[in-house]
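**Student:** If you want the building blocks of each chain, they are given just below.
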Amino acid sequence: MTEIFGIPIQALLGQLMLGLVNGSFYAMLSLGLAVIFGMLNIINFAHGALYMMGAFLAWMGLEYLGIGYWQALLVAPLMVGIFGIAVERSMLQWLYKLDHLYGLLLTFGLALVLEGLFTNAYGVSGQPYQIPAELSGAFNLGFMFLPKYRAWVIGASLAVCFATWFMIEKTRLGANLRAATENPMLTQAFGINVPLMVMLTYGFGAALAGFAGVLAAPVIQISPLMGSHLIITVFAVVVIGGMGSILGSILTGLGLGVIEGLTRVFYPEASATVVFVIMAIVLMIRPAGLFGKEK
Amino acid sequence: MMKSKLLALAISAMLLPVAGSALAQGKISGDVVKIGVLTDMSGVYSDLGGQGSVTAAEMAIADYAAQHKPKFKIEMVYADHQNKADVGSNKVREWYDTQGVDMVTDVLNSGVALAVAKVTLEKNRIMINTGAASTRLTNEDCSPNTVHYVYDTYALAQGAKAVTKAGGDTWFFLTADYAFGTSLQADASNAVIAAGGKVLGAVRHPLNASDFSSFLLQAQASKAKVVGLANAGGDTINAIKAANEFGLTKTQTIVGLLTTIIDIHALGMATTQGMMFTEGYYWNLNDDTRAFSRSYFAKMKKMPSMLQAGTYSAVTTYLKAVEAAGTDEAGAVMKKLKETPINDFFAKNGQIREDGRMVHDMYLVQVKKPAESKEPWDYYNVKAVIPGSEAYQSMALSRCPLVKK
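If you're matching them up, the sequences are chains H and D in order. First residue of the first sequence: 0, per numbering that gives the first Met the number 0; consecutive thereafter. First residue of the second sequence: 0, per numbering that gives the first Met the number 0; consecutive thereafter.
Take these hints with a grain of salt, some might be off.
Simulated pairs of lysine-lysine, BS3-like, Cα-Cα distance not exceeding 30 Å [said to hold, decoys possible]:
no.	chain 1	residue 1	chain 2	residue 2
1	D	K222	H	K147
2	D	K70	H	K147
3	H	K147	D	K319
4	H	K147	D	K367
5	D	K337	H	K147
Facing chain D, a subset of chain H residues (Cβ under 10 Å, in silico) [unchecked claim]:
no.	residue
6	P7
7	G18
8	L73
9	G115
10	N119
11	G122
12	R149
13	Q220
14	R263
15	V264
16	A271
17	T272
Distance windows between CB atoms, simulated [as the list claims (entries may be wrong)]:
no.	chain 1	residue 1	chain 2	residue 2	range
18	H	L77	D	P205	49 to 57 Å
19	D	Y177	H	M283	25 to 33 Å
20	D	Q98	H	L77	29 to 37 Å
21	D	V31	H	P131	54 to 62 Å
22	D	P369	H	M283	49 to 57 Å
23	D	K382	H	A269	22 to 30 Å
24	H	Y101	D	A297	41 to 49 Å
25	H	A269	D	A290	49 to 57 Å
26	H	I231	D	A193	35 to 43 Å
27	H	F161	D	V76	50 to 58 Å
28	D	D377	H	I231	35 to 43 Å
29	H	L12	D	D286	54 to 62 Å
Calculated directly from the structure, the hints in this document are not laboratory data. Every residue, glycine too, gets a C-beta built ideally from N, C-alpha and C.
Please work from the sequences and hints to get the whole structure.
**Tutor:** So this is what it looks like as structure tokens:
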């Protein structure tokens, strides 16, 4: 068998594939963060908690109301989005003019409160959630068995990421949104309701996190702490990609997933830190991130 | 004359405190026995101990007071150590110094437990540890004031021996990359080799790794018959979920080295059926365990883990020893604890050894198929009872300085 650095090429391909799956999660979560930061200037530390809420809502829907996975994929993000809008209206909207730090502190506090509430109600061990019957089983790719569900995760998240990018960069709505970020006063003067757009943006970012949560529910422990385990890595992804860069966060998310996957083969102990090592290097060479623009 | 009177006064003044402390040895300080439950109330281990342990201790105290009508009052305090050794040891120091706590229990998380053991020795109180896993508590760091009650990594690893003998003779480990994981892997490897098996390899993963698929692929490639999970809590749960998804469970046996009923409940039987591991307690063993567990369930809405059931047993055992000794002075109570066998719903003929290890039977269990389960929480088939003498490290191998050889 062909080997690269003592690792069979088949194993390597398998790990690359898995890296892509994890990268999809990173991409989706960091995309939401990038959208929110780009448009609202809020460093949304509650993102992990929103992701957790998405997963919990999927589980609660099944447990209490008998709502299946496919419906949950629509309903849960919608509810997380509405929750996000409520948060934006009641709290965040007062902070836009202040320093980033205030938004960070508020959302961080919010994340702690949400985690605390869910821990109190459901404990930390997590809840069972099965892979939907249509997606159980695996594809034989020759070099590995790829569970159908993981393939679906890659497909679904790429589709969502592309749609988001397209909407913001290529449509009229996106153009208005970008204009509102660039110069809110002037945009408002053109008759565009800027506060409404900002509110919807936060709701959309939250819904993205909720969507990622539902996607994760069948494969990751549904626990109140699931978001906080992931969020720091996702922030590193956003920083590497360049704060606020849509395309940057998607590409960096996928790329780092793959790099992390490779680290798991060559030196598994470092797999949790490799992202931060890369972040440090990138910040030294390009302080605005790989795709960020210097202001 | 005057001089001799003064002298007599001075002598009696010097004697007084001595007489006072001699008296104190024969009674209970302040007529109150105070128990402290130190645990993780909100973090990763809070379902294993946490509020459940607090409730178990409360139940034990209430039941003891009702059945034995002791002459002393029993009080309880509890605190969250947040899995931090410094927070835990400071809390316990405060309890001993200002609140008159006589005994602390639960104390899960080996790091916290080792720190609390030191404070407990210094202040001459008692720790009955029902939560931590490290064998260091009864070996290198053993103390005349520590009892290790429910389980340890050595006992957990004995399940590996049974699995190896049953044909699972090649192993690959997935190990949490910190002290607990590596010591669990070492104990389990020894057990596998002792039973004639072979360890083909291991991969160390970071703590709280949310994705295990890469590691499992490596385990799959090793072609080992058994994949041993030397981790705990969320890591175990995520590893099992992924193992199921990648079809590992069809060709390889997954053995959780620290898996409890709480994990099985979180994963569901569909995902975990067929898994084998070692438990120190199971609610559905006999009428006694069912009676306790059902009354616990009425309060907590879940069945107790071995840590929580063990906390009830430990508190009861301690109170019995205090009553028998007629004092809450640590030395006298420890003497009673070590000379009295423990017989209750949790342990049959349990014995606290010289090194502080409470030796009792352990159970090798296998998760039932969903169809075999008759009621909620009916999860296990008990495959074997591992006698205490085999489950725990023998005294001949002890590294505890208190043990005379």
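**Student:** Could you run down the list of hints and mark each one as holding or not?
**Tutor:** Tested hints:
no.: 1; hint: D:K222 - H:K147; in the structure: holds (23 Å)
no.: 2; hint: D:K70 - H:K147; in the structure: violated (66 Å)
no.: 3; hint: H:K147 - D:K319; in the structure: violated (58 Å)
no.: 4; hint: H:K147 - D:K367; in the structure: holds (27 Å)
no.: 5; hint: D:K337 - H:K147; in the structure: violated (57 Å)
no.: 6; hint: P7; in the structure: holds (8 Å)
no.: 7; hint: G18; in the structure: holds (8 Å)
no.: 8; hint: L73; in the structure: violated (23 Å)
no.: 9; hint: G115; in the structure: holds (7 Å)
no.: 10; hint: N119; in the structure: holds (8 Å)
no.: 11; hint: G122; in the structure: holds (4 Å)
no.: 12; hint: R149; in the structure: holds (7 Å)
no.: 13; hint: Q220; in the structure: holds (4 Å)
no.: 14; hint: R263; in the structure: holds (4 Å)
no.: 15; hint: V264; in the structure: holds (7 Å)
no.: 16; hint: A271; in the structure: holds (3 Å)
no.: 17; hint: T272; in the structure: holds (8 Å)
no.: 18; hint: H:L77 - D:P205: 49 to 57 Å; in the structure: violated (34 Å)
no.: 19; hint: D:Y177 - H:M283: 25 to 33 Å; in the structure: holds (30 Å)
no.: 20; hint: D:Q98 - H:L77: 29 to 37 Å; in the structure: violated (51 Å)
no.: 21; hint: D:V31 - H:P131: 54 to 62 Å; in the structure: holds (57 Å)
no.: 22; hint: D:P369 - H:M283: 49 to 57 Å; in the structure: holds (54 Å)
no.: 23; hint: D:K382 - H:A269: 22 to 30 Å; in the structure: violated (39 Å)
no.: 24; hint: H:Y101 - D:A297: 41 to 49 Å; in the structure: holds (47 Å)
no.: 25; hint: H:A269 - D:A290: 49 to 57 Å; in the structure: holds (50 Å)
no.: 26; hint: H:I231 - D:A193: 35 to 43 Å; in the structure: holds (41 Å)
no.: 27; hint: H:F161 - D:V76: 50 to 58 Å; in the structure: holds (57 Å)
no.: 28; hint: D:D377 - H:I231: 35 to 43 Å; in the structure: holds (40 Å)
no.: 29; hint: H:L12 - D:D286: 54 to 62 Å; in the structure: holds (56 Å)
Of the hints listed earlier, those the structure fails to meet are numbers 2, 3, 5, 8, 18, 20, 23, in rising order.
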